[in-house]
Amino acid sequence: MGTPLIETKDLKKYFNTPKGDLHAVDNVNLTINRGQTLGVVGESGCGKSTLGRTILRLLEPTSGEILYEGENILNYDSNKMNKMRQKMQIIFQDPYSSLNPRMTVNEIIAEPIKVCKTIKNKNDINDKVLELMEVVGLAERFVNAYPHELDGGRRQRIGIARALALEPEFIVCDEPVSALDVSIQAQILNLMMDLQDEIGLTYMFITHDLSVVKHISNEIAVMYLGQVVEKAPSDELFNNPLHPYTKALLDAIPIPKLNSNNSLKNIIKGEVTSPINPKPGCRFYTRCPVSKKECIAGNIALKKVSGEHFVACTLF
Amino acid sequence: MPEKLLEIKDLKVVYKTDENIVHAVNGLNLTLNAGEALGLVGETGAGKTTTALSILKLLPEKIGLIEDGSIKLDNIDITNATDADMRLLRGNTVSMIFQDPMTSLNPIMRVGEQIEEVLLIHHSDMDKKSRDERVDQILQLVGLPPERKYEYPHQFSGGMKQRVVIAIALACEPKLLLADEPTTALDVTIQAQVLALIRQLKEKLNTSMILITHDLGVVAQTCDKVAVMYAGEIIERGTAKDIFESENHHPYTTGLFGSIPDLTKSSKRLNPIKGLMPDPTNLPLGCKFHPRCSKCMDICKTKEPGEVEYGTHMIKCHLYK
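So the protein sequences, as listed, match chains A and B. So for the first sequence, this note's numbering puts the first residue at 1; every next one is plus one. So for the second sequence, this note's numbering puts the first residue at 1; every next one is plus one.
Cross-link-like lysine-lysine pairs, in silico, DSBU-like; alpha carbons within 30 Å at most:
#1 Lys279(A) <-> Lys303(A)
#2 Lys269(A) <-> Lys202(B)
#3 Lys202(B) <-> Lys257(A)
Covered by chain B, according to a simulated footprint, are these stretches of chain A (three or more residues, beta-carbon under 8 Å):
#4 174–185
#5 248–254
If you're looking for bench data, these hints aren't it; they were derived computationally from the structure. Fair warning: this is a prediction, and the values are worked out from it, not measured in the lab. No residue lacks a Cβ here, since even glycine has one placed at the ideal position from N, Cα and C.
Kindly produce the complete structure, drawing on both the sequences and the hints.
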């Protein structure tokens, strides 16, 4: 086990809405060790993207702490934070809208370098751009192309090259492959795993697709309506899912094999309820097949079940 | 011999733009019997949706063109059918569920009215009372409480909107249902609910179905037959058993299976297909998959492979003779 690079303590992000506070991220405690990948899984609206952005301080948290190598980055002023940003980058979900259509590939990848002035000489910047393009597997002939000339897989490679431009230590990957076709998705996942092996990057990998996250993560956190309901090492979570929601998520994945009897599995009813002013107790209560009275009596904390396996459920 | 519901022969569809011609569908053959569910699998740009739009004759006017081939639906040749003829068939004999339930409903019409609209057009002899009864009945069938028919689409969640869309498609009990990525826009737990619903309805109503998807998992859960599309052609076709359990496959199908992260195995790397889909304005000679194929031979670069059939299983590849 490595040393912790990123830690969050009781991190909260509420949004003000006319109907009340929307609890997008509620009391999240996570640790990501250097060189490791934490997968964050959940359905749309569970707060996983908000969590990623809050950790990078792209959104100001409502309360809590974010520690980077033990230092609380929430106390940093804007100068210090800008320096800090060189170490933490983000790859966005949609490669079609996250690239400026009026900039060439060269300009897009060079922009972070120019903004942070890590390299000053123009020729050196160009060399660095070409080097980055090679790392992510983009042919040199695209250096002056515009994003609209490229397909989704190549665009996502630009997004990755841009995130790598400042040689960060930590990258938040916000659904980097969900907008891509399966064959391209596999290419990008392989690339990201290779980069981690070579440069020792630390990832926080946000996705709704459990099968993707299994491949790339050391540890997985399952989120439901702003809260982490289960956290365990990747293999442990797949072999021994404990929380009813995690089980439901795993059961819901259509398996590309015949007679896998998905139709006989328990499909959970209902849909995600509103995160605005949630009631105390388990937020999965309304959909849970094994709900009891205790579930809504009070808030349920993450409990250690074994080793590194934590779950928030009254069953344990 | 089961009744043939849909027969597509040698279909070629092009999109003509000012600059170039996009070859979207290139000689597609497909038959579907009554009561069968076919999964049409392929990646973005393979021509899946174009095929469905051709069956409905909803290709964009002036740009989209059926260049060659014939489509026979329910023993009627619709290749040259007029708009007026097609209007009688759409919604009645064949109907479609679109990918995105958020945009395929009219936001300023109550959902009950949107379902009633189909009945109004195709069953003009029904009176208001029996139409209302039918709307209630169909809403119950897709698992929505009939009281909610007075609500507007924005009052429903994504999964429920997709149920409304399915209700509209089924209102006239069509013989053929085209479902274009019906669950792609939905969360996994909701996807499981909608797939279960589609499965139940298929059994209850004995509707034939073409399910368009890029997700082999979805196909395995719902379909009897599978056709894999690449660059506007069907390169492999067979029963679900042929595709999921047979040893012989087109290299592209093998690649598709290799790209899916397997939950049961813990291999470190995935085995993707290298390269990208060919540009449909400039398709390669010979087998259209040869630039990406790991088993490419000399003949593949010049000669287009023929369809080789083993019983129900068809593979279009020079490796099989």
